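K.L.:
Single-letter residue listing:
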Amino acid sequence: MAVVSEQGAAPAAGGTPGPGTKGPRARWATHLVRPAIVVVALVVLYLYVSSRQLDSIERRSLNAAYILSRTWQHVQLTAIVSVIILLVAVPLGVLLTRDGVSRFSGPVLTLANISQAIPSIGLIVLFAVAFLSLPVYAIAVLAFVIHGVLPIVRNTIAGIGQVDRSVIEAARGMGMTKLGVLVSVELPLAVPVILAGVRTTLTITTGTVALATFIGAGGLGDIISNGLASNRNIVLVTGSVLVAALALLIDWLAAIAEDNLAPRGV
Amino acid sequence: MPENGRTDTGPTAEPMIRLEQLTKRYPGQDRPAVDRLDLDVPPGEIVVLLGPSGCGKTTTMKLINRLIEPTSGTILLDGEDVTRADPDALRRRIGYAIQQTGLFPHRSVADNVATVPRMLGWDRKRVAGRVDELLTLVGLDPDTYRGRLPRQLSGGQQQRVGVARALGADPEVMLMDEPFGAIDPLTRETLQNEFLRIQSELGKTIVFVTHDIDEAVKMGDRIAIFNAGSGIEQYDTPERILTEPATPFVSEFVGSGAAIKRLTLSRVGDVPVPDWPSIGQDTHRDERAAAVRAGAREFLPLLDADRRPLGWVPADASGDVLDRGLPIVTRIGPGDSLFAALDAMLAANSSAVVVVDDAGAYRGVLDLETILSTVHTDAGPAVPRPGTVATPGTV
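One line per chain: the protein sequences are A and B, in this order.
Residues 1 to 266 in my numbering are what the first sequence lists, from first letter to last.
Residues 1 to 395 in my numbering are what the second sequence lists, from first letter to last.
With the rest of the complex left out, here is chain A:
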C-alpha cells in the first residue's frame, strides 16, 4: 500500500520543535540575561559597600564570613522547605485527582488558599507562640511549608486535569492499570504545569524565608533585621538585595529545569 496523499500535510520530520518554541540557542540566550543582571547588581552593591567607610556596627553585618553563613542558612532553609513542600504537595495534588477523592479537591484548595492568604509573618509568629516546645528551626520550616504548598497542589491538580481525557481513556481501554496511567501518561503530561507551580513556590519560599529571622531561625533576614534595628540603611539594602538576587537565581534555575524536564511533544 502506498503512503497516501495526507503525507504532504505532515510537518517536517525530525526533532525540530513545533511552532512557538524557540530554538535551543535562542532559549539559552534568554537564560543568560537573568544571571547577568544579578551579577551586575551584586557587583554594583559590592563596589558601593566597599567605597564606604563602615562603622563597627555595619562591619558586624557586612563581612564575608557573616554574609556567607547567613546566605548558606537561607539556601538550606529554602531547600528543606521546598523539598518538604514537593513531597507533600505533589502526592496531595495527585490524590485529589483520583476517583472518589476528587470531590475533596475544592475544600482542600480553599484551605490552601486561606493558608497562603494569611501573611506569612503572622503565620510564623503565631506558630512560634503556639508551639513553644518546638525548636525555632522546625517552626520556621512548618510555617513556610504551609505557606508555600498551595501553588504546587493547585498546579498538580490543574496539570493532571488538563490531560486529554481521550488519551486516558485509550490507555485504560488498552489495559493499562490506573497506576500505569498515572505514572506513564498523566504525570508526564502534567509536568510542565506542575513545574510552573514549583517555580512559583520556590520564589515565594526564597522570599518568605527572610522572615525566619523574627523567630531566630537565621537566614539573610538577619542582615535586613540588623539593618532595621541599628538604623543602618547600607546593611538593610545589602540584605534586601541579597534576598532578591537569591530569589532571582533560584527562579532562573527553576526556569532551566522547566525547559529541560518538559516532555517532548507537548
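Check before you lean on any hint, since a few could be wrong.
[Said to hold, decoys possible] Taking lysine to aspartate or glutamate pairs in the EDC-like style, the calculated list, with each CA pair at most 20 Å apart, reads:
#1 A:K178 to B:E69
#2 B:K125 to B:D111
#3 A:K178 to A:D164
#4 A:K178 to A:D251
#5 A:K178 to B:D111
#6 B:K125 to B:D170
#7 A:K178 to B:D221
#8 A:K178 to B:E239
Worth flagging that the hints you see were computed from the coordinates, not collected in a lab.
Since we're looking at a predicted model, the values are computed, not measured.
Once you have looked at the hints, place chain B on chain A.
P.N.:
Using the frame of chain A, we list chain B on its own:
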C-alpha cells in the same frame, strides 16, 4: 425481531463475542442506559453498532471491554465468561481504537504502537519487529515514522497509528469507536478501504461504532441498528437492512436513498455486462465507421493491441475522431461498486462506462440499463465480503 440481537440468518459457528441480557444502570437515572441487551458477534466479522446520538451504542461497546462495568448480564468472549475477569488483563486481549485516537502525545509513534506488547512483557526485539510490521501494514514507512511524535503527523496518519496500536498484540477482537470519524471525507474513504483490505488479511472480530449509515453499509458484515432507547431494532446484513427494514424506525434511519446505497454493495464484476462489441486499432478508418453504424450501439470502444481502450468511436465519427476516438473520461474496474460506476456515468454525462481489468484491458461496457435492472431485481447479485474487493483507484 426487535430487542433481539440473535438473527435467524446467524452463523452456526460459536460467536466470538456474546452479550447476554447485558444491562447498565446508572445511579439516579430511571431508565437503564443499556437494557437487557443480547448480541452475538460471529468470529471474523465486522459488526457495526449504528444509531442516533445517545442511543447507547458507545456504551454497549465499552461494556464489552468493561471500560463501563455492566450492572447485570453476561459477557462471553470466545465462549469464556469474562464478566468477572480482571478488566486490565481482559482489555489487553481486545484492541481498542477511538475517534480522538488518544495517542500518547509525549511518546513516539513506535512507543505508542508498542504499548500493549510491552504491557504483555514482550522482549525488546519482538516489540521492535512488531512495530515495524504494523506500521508497514497501515501504510506508514517505519524508517520515516517510527521516531515521530503524534503531533508531527496529519490527522489521517494519526488514525493509522491508532489502528496500528489497537492491533499491537494481535488481538482476536477489536473495538473501534468511530475511528474514521474526525477526518476529511477523502482521507476517510482511503482509510476505510485500507482498513477493509487489512481486515480481509487478518479476519479480526470487530465491533465498530458509527452514526453514519453509509459507513455502516460499507464497513459492516452485519449492522445492529439501535433505537433511542438503546434497544436493537434490527440486526442483519447491510443488504437486508437496506432492502427489508424490520421496523419503521429502521426505514426512517436508513433514510431516503436506500436503493442508491444498495448500489455501493454491488460490484461491477458481479453484474452481467451486456454484449458490447469493440474495434481493434489495426482496423482501417472505413471499417471502423462501418462497424459502428452496423451495430446497435451508438459508440464502440477502440482498443489497442493489448486490448486497452483508447477512445470511443461514435456513429457519426469522421476524420481524427475515427483515428483516435473521443477521450474516455473514466475507467471502472470490476471491484468498483455500481455506485461508483453510476457516479462516473453522471460525471461524464454518458449512459455507459468502460470496464477494464486490473491490467487495464477491456472487459466490457456497463450501461445505465444494466444498473437499473440490478436495482429492480429483488434477488440482487450475491454480495462479496467488502474486504475482498479491490479498492477504488487501484483498478
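K.L.:
All hints are to be evaluated individually against the structure, with a verdict given for each.
P.N.:
Going down the list of hints, with the structure as the test:
| no. | hint | result |
| --- | --- | --- |
| 1 | A:K178 to B:E69 | holds (15 Å) |
| 2 | B:K125 to B:D111 | holds (13 Å) |
| 3 | A:K178 to A:D164 | holds (15 Å) |
| 4 | A:K178 to A:D251 | violated (34 Å) |
| 5 | A:K178 to B:D111 | holds (19 Å) |
| 6 | B:K125 to B:D170 | holds (16 Å) |
| 7 | A:K178 to B:D221 | violated (35 Å) |
| 8 | A:K178 to B:E239 | violated (43 Å) |
Hints 4, 7, 8 from the list above are not met by this structure, while the remaining hints are.
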